[in-house]
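Visitor: I would like the entire structure built from these sequences, with the hints used as guidance.
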Amino acid sequence: MLLSGATGISAFMPASIQRALAIDPAPGSSFLDAEHVVILMQENRSFDHCFGTLQGVRGYNDPRAINLPDKNKVWLQSNALGETYAPFRLNIKDSKVTWMGALPHGRSNQVDANNLGKFDQWLESKKSTNKEYAHMPLTMGYYSREDIPFNYALADAFTVCDQNFSSAMTSTFPNRSYLWTGAIRKEQNGDSKAYIRNGDFKYAEAKWTTFPERLEENGVSWKVYQNDLYCGGGYVGEEKSMLGNFGCNPLEYFASFNVKFNPAYIASLENQISTLTPEITALKAKSADQLLNAEARDKALKDLAAKESVLENAKNELKEWSRENYDKLTAKEKSLNNRAFTKNSGDPDYRKLSTLKYMDGGIERETTVPKGDLLYQLRADVNNGTLPTVSWVVPPGRFSDHPSAPWYGAWYVSELLDILTKNPEVWKKTIFILTYDENDGYFDHVPPFVAPDPKNPETGKCSKGIDTSVEYIRLEQEINEEFSNDAARGGPIGLGYRVPMIIASPWSRGGQVCSQVFDHTSSLQFLEVFLSNKLGRKIKEPNISDWRRAVCGDLTAAFRPYNGDKPVSLPFIERDPFIEEIHKARFKKDPSGYKKLSAEEMTKLNTDPGSSEYMPKQEPGVRESCALPYQLYAEGHLNNDKKRFEIVLEARDEIFGKRS
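As numbered in the working numbering, residues 1 to 660 make up the sequence shown, in order.
The hints are simulated quantities; they were obtained by calculation from the structure and are not laboratory data.
Because the structure is a prediction, the values reported are computed rather than measured.
A portion of the hints provided could be inaccurate.
Here are the simulated lysine-lysine pairs, DSS-like style, with alpha carbons at most 25 Å apart [claimed, not checked]: (1) 596 x 131; (2) 604 x 118; (3) 617 x 595; (4) 302 x 284; (5) 207 x 540.
Guide: Listed below in structure tokens is the structure:
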């Protein structure tokens, strides 16, 4: 029933999940009365890809969709061969699409898809790197309620944000840095190195201040929950994607948190030393007459030098990250380390897998599932009444919704909500923010807002006092960092493409849509408002640029005081049957819902998109919209010589003040 998207599913819901919407806060209370904020950032999905067909949002029936330079509607994307495709449904049950891997989503191809705002290079920039699938227009693929019913039900129950953008036109780690720190630079100016690619982030090296450190300084309790860390590894095969945190806790890359004290990292160094030492001894023992061939001798010497370098580094690292040095850390440094890297070590099975066997039409199949509780420590803290004021949750890769893994993330979100609602007194005071870091290679039809370039007046302007240089990377900077011409990209850092966001709380239920512009720094701006009210003193993240504060809201528009409204129901997901259904799709056919359009079919879609059989059909009806703190004006007049009509655009703040 769950995976069919059939009606009447509420009959199959356990009471625990119905509580997510049945637990009422105090009448007249607001989000400022909450005591806990829980943030879960999932992986790599665009808004249209997930919610383009959702009722009442800016999706596939957008009447203000842009036209491309070739005069086609934005839905009609063409490749270098002149072949044109429209968005098409990715059938999650009857095709193997969730097992076909991710699409390109690095800095260069993200920038190229945008094409300086022309927005017409999605098919070329986002081809699958798997040659078997490269001919498919997979970037145009989307899911519907039938495919991801839990996600749609969550949006119907709470508030979905349809103008929420990733922070940077690039990959995962920079976008996550914006969520945890508000920036991707140590110094907030255009000359400082921008950590714009995943590869810029190295364990325990980044040096700018993070928001968790602001919390620590202000005595605010916080934690980052994950099953286990990535630094140190120790996992093989399926263990890595099922049990580690996928490298998606960015605090592992910041020096202040000292991630290399992780016992798994120490063990990996010790293993390197014990493995390399005899290998080096054996290489040195080989006599010259055993290596008469000069080529073999040169290779052996290179191997020896490489192994000796790795061994020397391992020994030095082991000295630096010893238990003795951990004991020398200050109380604050130990607190940062412990809170940032909370893991499920209290569960004896947290590093183990088990086998799930099931029947698929008479065929016995099996897959792996975690043996332990992926949310063990979070569950314990909720049950014990020790959930901190601010929590970030980082799932393993398999449960993150990343396109390189099956779509198991819905179960993870469901389980997290189940935990938060077990105790009504906790849920009455909790705000849960679900978002995604970036779009992977998946198309979204709304071009992101980008800052005007202070070196190019033709790109627009900002209010006086807003320096947008920090929002740009110069091509010469990229070349100076020795990127090749193929990889180097100058231009705006962001905003990136739209990604889903749902805000679940007693003050954001009712199935509203919030259309204020947000990005990942909006969650930090929300925490500023929330905590400043709680503490009675100003909490501010100085890393967030003035331009982002001017353009991106603070999420407060998504909430309203509780007035006694009664909620709708939310479906619950049981893990193993859910995983079985998705695993079955691994043995299905390739997705085939796309079609190369003829000139006649393109004309029909351009003229009347709603009448085209190749244009996705958005669910009918409207959705209640949150009030927005925008005070916008457009005024026009003929100039003095009566030959030109001039338009003045303004955004003012007399009514809504700093929330504008």
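Visitor: Does each hint fit the structure? Answer for all of them.
Guide: For each hint, the structure was consulted:
{"no.": "1", "hint": "596 x 131", "in the structure": "holds, 19 Å"}
{"no.": "2", "hint": "604 x 118", "in the structure": "holds, 22 Å"}
{"no.": "3", "hint": "617 x 595", "in the structure": "holds, 16 Å"}
{"no.": "4", "hint": "302 x 284", "in the structure": "holds, 12 Å"}
{"no.": "5", "hint": "207 x 540", "in the structure": "holds, 19 Å"}
Of the numbered hints listed earlier, not one is contradicted by the structure.
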